[in-house]
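Residue numbers (my numbering), protein chains in the order written: chain Z, 1 to 111; chain Y, 1 to 131; chain H, 1 to 410; chain U, 1 to 154.
Hint data in this document are derived by calculation from the structure and do not stem from the laboratory. Where hints are given, some of them may not hold.
[Stated by the list, open to error] In silico lysine to any residue, SDA-like type, Cα no more than 25 Å apart, as pairs:
#1 H:341 <-> U:97
#2 H:157 <-> H:249
#3 Z:21 <-> Z:51
#4 H:341 <-> U:91
#5 H:374 <-> Y:94
#6 H:406 <-> U:88
#7 H:406 <-> U:144
#8 H:406 <-> H:180
#9 H:406 <-> U:127
#10 H:2 <-> H:12
#11 Z:21 <-> Y:60
#12 Z:21 <-> Z:101
#13 H:341 <-> U:92
#14 Z:21 <-> H:78
#15 Z:21 <-> Y:58
Each chain is listed here by its residues.
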Amino acid sequence: MRLSELLDREVVRADGRSLGKVRDVRLVQDGPILAGGTQAALRVDAVIVSRGWRGVRLGYLRGQVRGPWLLRVTFGRLERGAHAISLRDLVWDEGPHLRLRSDEPDGHAGP
Amino acid sequence: MTGRVLYAGLELLDHQLRDREGRLCGNVDDLEIERSPDTGELYVTAFVAGPGALLQRMGRRRLGGWIERSNRLVNDPERDRNLIPLSLASRLGPNIDLAVDAEDLATSDTERWVRDHLIGHLPGNRHRAPE
Amino acid sequence: MKRFFAVFLGILTAIGGFVDIGDLVANSQTGARFGMNLAWAVVLGVIGIVVYAEMCGRVAAVAGRPVFDLVRERLGPRAGLANLIASFFINFLTLTAEVAGVAIALSLASSVSYLLLIPFVAFLVWLVIWRMPFETMERVFGLLGLCLLVFAVTVWKVGPDWGGLFHTASHPQVPAGETGFTYVYFAIALFGAAMTPYEVFFFSSGAVEEHWTERDLATNRANVLIGFPLGGLLSLAIMASADLILGPAGIDVGQLSQVALPVASVLGRVGLAVVLVGLFAATFGAALETALSAGYIISQYMGWMWGKYVRPRQASRFHLVVLLSIGAAMIFGLTRVDPVKVTEYSIVLSAAALPLTYFPILVIANDPSYMGDKTNGRFLNAIASIYLVILIVVSIITIPLLIITKGGSG
Amino acid sequence: MRPRAMTKAALAVCGACSLASCVAHPVGPARTYSTYEGKAVTSATAAQSSVATVQLVASTAAAGKAFGPYTVVSVSEQEEGLSAVEGTFASIQPPDRRADALRDELGAILTSAVDHIAEVRIAARRGDLDDLDRVAAPLRADAAALDAFVARHG
Chain Z
1 MRLSELLDRE VVRADGRSLG KVRDVRLVQD GPILAGGTQA ALRVDAVIVS
51 RGWRGVRLGY LRGQVRGPWL LRVTFGRLER GAHAISLRDL VWDEGPHLRL
101 RSDEPDGHAG P
Chain Y
1 MTGRVLYAGL ELLDHQLRDR EGRLCGNVDD LEIERSPDTG ELYVTAFVAG
51 PGALLQRMGR RRLGGWIERS NRLVNDPERD RNLIPLSLAS RLGPNIDLAV
101 DAEDLATSDT ERWVRDHLIG HLPGNRHRAP E
Chain H
1 MKRFFAVFLG ILTAIGGFVD IGDLVANSQT GARFGMNLAW AVVLGVIGIV
51 VYAEMCGRVA AVAGRPVFDL VRERLGPRAG LANLIASFFI NFLTLTAEVA
101 GVAIALSLAS SVSYLLLIPF VAFLVWLVIW RMPFETMERV FGLLGLCLLV
151 FAVTVWKVGP DWGGLFHTAS HPQVPAGETG FTYVYFAIAL FGAAMTPYEV
201 FFFSSGAVEE HWTERDLATN RANVLIGFPL GGLLSLAIMA SADLILGPAG
251 IDVGQLSQVA LPVASVLGRV GLAVVLVGLF AATFGAALET ALSAGYIISQ
301 YMGWMWGKYV RPRQASRFHL VVLLSIGAAM IFGLTRVDPV KVTEYSIVLS
351 AAALPLTYFP ILVIANDPSY MGDKTNGRFL NAIASIYLVI LIVVSIITIP
401 LLIITKGGSG
Chain U
1 MRPRAMTKAA LAVCGACSLA SCVAHPVGPA RTYSTYEGKA VTSATAAQSS
51 VATVQLVAST AAAGKAFGPY TVVSVSEQEE GLSAVEGTFA SIQPPDRRAD
101 ALRDELGAIL TSAVDHIAEV RIAARRGDLD DLDRVAAPLR ADAAALDAFV
151 ARHG
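Here chain Z stands alone, though its shape is the one from the complex:
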């Protein structure tokens, strides 16, 4: 399975209403140390969902990029709608959508 299969996939609530699309995927390096390597395994932790713009990979919300003011304001606003939804709260069956298990997402805004 490829990560790109998750990206741009629509996320819907249990009642079928759309929450937006997957714009990025949050990984946490807390798995076991990989055999033969030095890196701990990367666990797929959550998907970043937003309704708006697709190009949210500039680091204004999730990275440490702070300037310049013009871009921070523009992209901060575009990315503001984005929030993380834990993969544990999602059902990923063969269908085209990721479905929320219940309609009470404990998802929270990015870091």
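Fit chains Y, H and U to the given chain Z structure using the hints.
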């Protein structure tokens, strides 16, 4: 949850891969994920590097899939050489450093072909311009 | 002392390497048609290239990353590909124009038809890229390019009414016989000629080729902050020479030979010889830069090994792209396509494609995970943001203006 | 714009521009007298620049300020350019009788200018650089005729 947090799209996808000598050997065109039978969680197991994977990611599923399959047929039907196991990564930064030799990766296949059939026949191809 | 000499040499190289066929044609044309009324566009373009080239050099020195690597990382593979296609196409037009420009410079010295010289020039460009060390290559053609300083000597020898020139430049207006559309169109041409994207592709890749580190940041700053503005002054000298000699005679510049005419008519044979060497060096240097840039941007998008700092066989795909680009440019040049027209299109289309290249640079130069504590300061960010807005406006109006003015002739 | 559309747009713009650069020429078909007159003035303006260039090159060379190859190539370029302008103008269909007169008037000036430039080129190729001023003298009349034409119709 205490480990380092990485955003795949921001910090891994499309980043440069370098081998142990610092040679450039492809970009991270996609990531392979697998569900662990033990914990039931999804883990990133490998970087995917190759034009087939990139095309698939860009929505050219059929063309990309065909390139990936033909690649596998020519080389080794048993395993997908476009996959570079995550365990080979020695550093995940703006560049991703791998503890391998670039020549052993599938991304070097076209490099080798161009070298053996074209550039390698031109005089002086072995000499770095004198400093 | 040695360090000082190295910095000084770098600045001289930057001055001589600043001007290419785009600057020559655009400055000469506008000088003849608009006098100094468009000098502000050169100043605007030079400040822009200084701001962004300094960022590129700093990113390359600190993070070791060339521009097109960052383009794909920040724009993603699809928008990155769109930029790659556009940039490659424009770069190809520029390469063709530069190769033809070298051939014309040689033809003006030998009276052999420039078409016969194009294959020879193309081979020479490839040979230099294949064999000559990066630093030597940059130095030789940059320093020879300083011959173009005869344009400044020409202007000085004419002894113009300096106050008048400066007044026109600082109080610009649309001259009689020109429309507002052509005025803006040529302003964009000058702006595009100064800010051509290949300059930053080459500049940042060159910094990686020369293994710049944080210790080279001062050199970077000196080259860019002193060298580029002086190169811009050279552009203005070309414009002024055309304003003083070609404009009053009613000459509209459509050939490279006309660019050199003010120098010959004022300074005579010696001046003409020097300016032809300058034309040769400037176009040859830029031909090398654009040919390499073709290889750089494709390799960096694909993640291939690139560069002259390894043996050619270790970066064979890169060298293949360079070789094929030179070959294609040679063939396009041989179709008798008008080199000056190709130049005009390349600089105007450059202007349209600018934001796609400069935007990711600005983002990365602010990203501490790449830059550590060497991120942009507030002042720099303010100027860079203003420029980003200008670049976007320019890119929106360029293509409509190209059509309305029928390529500046209307 | 979606990125894939951007890729397509980039390709389309590149294609359109390559086409445009092949066909772009300010002189197209003319249906009325005034468009014909406009095109005549465009041709005359281009001719003015060519004639002025050759005059300046000739006087520069005659003053010993330019060497042979530069002079020959510069003059030939203008000769070729002006012949092309002449040919293009001649190929435009004049829409009415009034336009016929205009066609004859400018045609005569252009032919004369091309002939005089050819003489300069011939002399330059023979190496008679010192004499070039005298050979180029007839161009003064052509320049005056072009100026008058543009002033009358521009």
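Here is how each hint holds up against the structure:
no.	hint	verdict
1	H:341 <-> U:97	violated (35 Å)
2	H:157 <-> H:249	holds (18 Å)
3	Z:21 <-> Z:51	holds (6 Å)
4	H:341 <-> U:91	holds (23 Å)
5	H:374 <-> Y:94	holds (15 Å)
6	H:406 <-> U:88	holds (17 Å)
7	H:406 <-> U:144	violated (28 Å)
8	H:406 <-> H:180	holds (14 Å)
9	H:406 <-> U:127	violated (40 Å)
10	H:2 <-> H:12	holds (15 Å)
11	Z:21 <-> Y:60	holds (20 Å)
12	Z:21 <-> Z:101	holds (17 Å)
13	H:341 <-> U:92	holds (23 Å)
14	Z:21 <-> H:78	holds (18 Å)
15	Z:21 <-> Y:58	holds (16 Å)
Hint violations for this structure: numbers 1, 7 and 9, all remaining hints satisfied.
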